[in-house]
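Note that the UniProt record's numbering gives residue 1 to position 1 of the sequence shown, counting from 1, and the numbers run on in steps of one.
The set of hints was computed from the structure by calculation and includes no laboratory data.
Note that the structure is a prediction, hence the values are computed from the model and not measured.
Any given hint could be a false lead.
[To be verified] Cut-off 25 Å, straight-line C-alpha distance, at most; resulting in silico cross-link-like pairs (SDA-like, lysine to any residue):
1. K106 to M1
2. K33 to V21
3. K106 to F29
4. K106 to K33
5. K106 to S23
6. K68 to Y14
7. K33 to T55
8. K106 to R36
9. K106 to L74
10. K33 to A81
11. K101 to Q11
12. K101 to V4
13. K68 to K101
14. K106 to N83
15. K68 to V4
16. K101 to V21
17. K33 to T16
[As the list claims (entries may be wrong)] Ranges between beta-carbon positions, derived for each pair:
18. T77 to V4: 29 to 39 Å
19. A76 to K33: 36 to 46 Å
20. G58 to V90: 16 to 26 Å
21. S67 to T13: 10 to 20 Å
22. A50 to D88: 30 to 40 Å
23. L74 to K106: 15 to 25 Å
24. D12 to K33: 32 to 42 Å
Built from N, CA and C at the ideal position, the CB exists for glycine as well.
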Amino acid sequence: MDEVAITWQIQDTYPTVHTVVASGGTFFFVGEKGHRFPFATLLTSDEYDAFSNLTRPGVFRRNVSVSKETSQTLFATVIVALNYTALDRVMPPIIASIEIKDVTPKEVG
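From just these sequences and the hints, can you work out the full model?
Here you go:
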């Protein structure tokens, strides 16, 4: 799975999504103009953080917004020594509890 395939999947699934490519990432927005919020991002650079070491060839990170309840259900136990550079593994958020992430996922779903 690569960024292009994931982008196509998101755009096919959500035809009203607004997509912006900027600053080493692709950002997917929903909502009315002026009130848009990104519900998913694909990042290909370490511009904002270096937790996932995205400088490796072919590596990117997918972030997907989820409810606080979903995040707490998925990650009820806090793992202190989590490897945020591991590939194809859903991980808890680094900063906020409103998204989940995985690095270079093999499948869209």
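Violations among the numbered hints, reported as their numbers in ascending order: Checked against the structure, the hints that fail are numbers 4, 7, 8, 10, 15, 22, 24, while the rest are satisfied.
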